[in-house]
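J.: These protein sequence lines map, in sequence, to chains H and E. Going by the working numbering, the first residue of the first sequence is number 1160, and it counts up by one from there. Going by the working numbering, the first residue of the second sequence is number 24, and it counts up by one from there.
It should be emphasised that the hints constitute simulated quantities derived from the structure, not laboratory data. Because the structure is a prediction, the values reported are computed rather than measured. Positions of the beta carbon are idealized from the N, C-alpha and C atoms, including for glycine. Don't take every hint at face value.
[To be verified] Partial chain H-side listing against chain E, Cβ under 8 Å, derived:
| no. | residue |
| --- | --- |
| 1 | Leu1206 |
| 2 | Trp1269 |
| 3 | Gln1393 |
| 4 | Asn1402 |
| 5 | Ala1403 |
| 6 | Ser1441 |
| 7 | Phe1446 |
| 8 | Ser1449 |
| 9 | Gln1452 |
| 10 | Pro1494 |
| 11 | Gly1496 |
| 12 | Asp1500 |
| 13 | Met1503 |
[Stated by the list, open to error] With a Cα cut of at most 25 Å, we get these calculated SDA-like pairs of lysine to any residue:
| no. | chain 1 | residue 1 | chain 2 | residue 2 |
| --- | --- | --- | --- | --- |
| 14 | E | Lys165 | H | Lys1317 |
| 15 | H | Lys1317 | E | Asp334 |
| 16 | H | Lys1405 | E | Ala131 |
Residues per chain, in single letters:
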Amino acid sequence: MTPDQLQPSSFDLYPPLARSFAVEHLTLLRQLPLTICPSFLAQISDLDTRFPIERKTLAWQCDSLAALPQAKRDALLAPLRAIAMAPELEKLDWVNSPAAFVERLSAHLWSTGQINGFHDASRELFAAIPDQPNEATRLALIVVGQGADTSRASILSKLARKGIRLNGVNPATAQQQLLEAFAKHAAKGQEAYAHWYVDGGQPWVLPESVRASAIQVSYPQLSPLRKRVLERMQSILNTNQANAEKMRSDLAAIAPTELRSGQVASDPILQRFYTELFTSGSGTQIFSTSFVQWAGRELARRAQPHTVLLRYTPRQRHRGFNEMVSDPESKVLDPEGSLVDAEMDAYYNWIEMGRIAAPGKLTVLAWVEGSSKAVMVSPKTKPNTISNQAVTIEQALASFAVV
Amino acid sequence: MKYDASFQAVSASRRAFLRGASFSSSLALTGSAIRPADKTIVVTFGGGARDEETFAEEGQANIPNLLHTLLPQGTFFTQVRNAGILGHYVATASIVTGVYERFNNFIAQPPPNPTLFEYFRRELRRPETDAWVIAPSNGFQKIGSSSASGFGPQFGAGVILPKRLLSAASRNTPNLFDNDQLQHFLQDNYEMPSYDISATAQDNEMHLDTLESTLRLSVQDFVQHARTLDSADELSIFIARRLMDQQAPSLMMLTLHDMDVAHSGAFSLYIDAIQRADRLCAELWKAVQSHPEYKDRTTVYIMPDFGRDADDDPAGNGFQHHRTGSAMARTTWLLALGPHVRQNTVVDRAIESIDLVPTIGCHLGFSTNSPGRCIEELR
């Protein structure tokens, strides 16, 4: 079957929202080559349990591509259509198992040396889609360094090169003022799934005013899901046929219901999101630092939050991989290594939020927990500057945050 | 090629830094008089190291030995492109065949094209003890020889998998492993987590025989020494030095791999592994230069198998993986040291990772079928 043969009945096995979306965009889907149509279907088929903004974004992309002049669309799709496909790929059920098809396609593109051509053509195609209207101001608050020696002057150096290093923060009020800043920013918009607090350890208590509108999730809270994923990983390891590819594809195939994700969230959208943090993330199952970074990345990519608070706490000390899978509850922590991890992770969180923020609309503040050190990056900060002035978090945000 | 501009940007960043370093980038030839080197060691600085954490300005603190000790003694190529598949086994196989191999990275299989070891042994009529590979992972067990017609195991290199040696030792002397920290050596990293614990008794016997007949090391001494080490790469260097002492092979390849722990997302562990690899490369060179069989007659080539994804590539997750195929993941470097190699020299011209096999061939005097080219500066 090829995309031009798609019919409304092709999507009979899809959930309701997904089916209706596919049928609505059938004209476009029929025009897409087999190299890319299943990638669209992989997103469409999950639409019932995706964030509302993901549905909106996918609709925007499809509508924008459909609205392109035919000649331009044909020209953009031509390089994707020219990619040589293996006959066995064409025989797969790419309509009902699009994610599995995409994985096989990826292996084919690598092995035939066509991966760069595919990436180039995909980039060109998506570059033709105009940006969505995006007026939201976004605030990312990041906390690192719990339990570590934070005396190093170069702390958070990658992020600090992008903004101002604050060396006189009042540590006594910092935690409370961060929470208040989170609540204040979250109060500006009541959109669902727009405000998130992710913690790698025992979470702080959010102000009462924001508990209903913000989503709070922590590594310990998701422990039941994580342990079930680790059990799956252990069973894969026990086959003695595990490799990275098999591990990834086996984990990606796990449905939220298989992990009994209802135990940690009643909302099916959150059930899927939390499940996928462990089934699509690498290292999230064993390191809380990897979990917080990946959660921040996936939130930015998928939920496009307006407000996030990401708190990194010490992960377990590194041991052999198999040992960490079979015995995940180590009490021996590595605060110093975790701080180095979190410094890089905070930099990545800034990059990730920058991808979804409109120009001039993002403020990032990273505080080194328990210390007088913080870094702020916003349109009002100058790159690579330092302030040794005594300041509270509240004052720093008043001076530099975008409102 | 569409990626030229990106590759050049990666290389330019490295060049800019090197100009500021303490050594000269002149073409002046210093050091000993040119004479043919008759021993060769290839080290892959793996698995997967980016510029940012090595030769770019912000990474220099991680590689003090490469930068300040080794680089002034050798020729450094700033721009090595890997146009193949960015999986560790298939990429390393491509380096040793000089052909961009296309097979499944996750299936242990002999490369379809002849390896460096087979060219070397067949054409120069070298004995089987003269070529060895020390590899980090179970998946590398077939890398010593190819399935190519006219070649094969009879011309291949012996392959030592230190983890498998340790596993065999553990079966033979289980009491040595009770409540022991050595178990972590037996496990592969996040990208290749499984270790084949179902090895047969015959397989174990063969590996114990390797310990005793090739390395001339008792199981007890091997295990005792392993206890003093921190990582699989350190174990590999120990085996390499033992091989040098006991067999003095003319051709040896060593693949370092600790840094692939980056797949777990822990930046500190990735950096620790790079710093360790930097130290181990210096230790190996020091061992070469103090070994009567190797001193002043050995060429050492150090090269990453590939890089890792760029921080700002939305298709990846920065240093964690090597999945995007971007310029950052494909651009690496090569450092060559040896009596015929110009010292204190930086070469900006682009070369490819598959050029290494024909380069060693044209220097040592055997032909290859590689589409790569002999690197003139190292001939």
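J.: Could you run down the list of hints and mark each one as holding or not?
T.: Comparing the hints with the structure gives:
1. Leu1206: violated, 21 Å
2. Trp1269: holds, 5 Å
3. Gln1393: With a minimum Cβ separation of about 10 Å from chain E (threshold 8 Å), the hint on H/Gln1393 is violated.
4. Asn1402: With a closest approach of 4 Å, the H/Asn1402 hint holds.
5. Ala1403: holds, 4 Å
6. Ser1441: For H/Ser1441, the interface hint holds, since the closest Cβ of chain E sits about 5 Å away, which is under 8 Å.
7. Phe1446: holds, 6 Å
8. Ser1449: With Cβ-Cβ at 3 Å, under 8 Å, it holds.
9. Gln1452: holds, 6 Å
10. Pro1494: violated, 11 Å
11. Gly1496: Cβ of H/Gly1496 sits 4 Å from chain E, so the hint holds.
12. Asp1500: holds, 5 Å
13. Met1503: Holds: closest Cβ of chain E sits about 4 Å from H/Met1503, inside 8 Å.
14. E/Lys165 with H/Lys1317: It is violated: about 42 Å lies between the C-alpha atoms, which goes past 25 Å.
15. H/Lys1317 with E/Asp334: holds, 11 Å
16. H/Lys1405 with E/Ala131: This hinted pair holds, its Cα atoms lying about 14 Å apart.
Going through the hint list in order, the structure does not satisfy hints 1, 3, 10, 14.
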